[in-house]
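J.: Sequence:
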Amino acid sequence: MSATAGQAADGVRSLADRFGIEPGMVVMEMGYDDDVDQDLRDALTDRCGELVDEDTDEVVDAVLVWYRDGDGDLFELLVDALHPLADNGVVWLLTPKAGRPGHVEPSDISEVAPTAGLQQTSTVNAGKDWSAARLVLPRAARSKK
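Each residue of the sequence shown is one higher than the last, beginning at 25 in this note's numbering.
Keep in mind the hints are simulated off the structure, nothing from the lab. Given the structure is predicted, the values throughout are model-derived calculations rather than measurements. If a hint is listed, it holds; no wrong ones were tucked in.
The following label-pair restraints were derived from C-beta to C-beta distances: (1) 74 / 163: 26 to 32 Å; (2) 103 / 59: 19 to 25 Å; (3) 47 / 99: 29 to 35 Å; (4) 81 / 122: 36 to 42 Å; (5) 104 / 127: 21 to 27 Å; (6) 57 / 112: 25 to 31 Å.
Positions of the beta carbon are idealized from the N, C-alpha and C atoms, including for glycine.
Make a model of the complete structure from these sequences and hints.
T.: Spelled out as structure tokens, the structure:
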């Protein structure tokens, strides 16, 4: 069986693949609460090890931001996520899907992300209750951060 087939058969691996998380990456998590998708967290920690919290002094390769409508100012949260982020790092903004408590309108994300200095490149299914928007620094801003 090929690695790709094995990863497709093992849902845990395909979630980490979808998020581009590799062994040895440092991944920070913000906004954790008891409603997060534990299967996704398990898949990511299986791939890269423990997630670090927002008090880390490390430069991070990715930031997982769990955000629900009513969690506070999205702009400030995204700016906070940028501080430890490597120039080529990625912010994954995880929000509840439509019809779930705390749903965030996609238009809210597309309005706030550029103001915070990020651009949205894609959206992925992050579990039965969560969607994830992939946000990155624009190429021109990467060395200026």
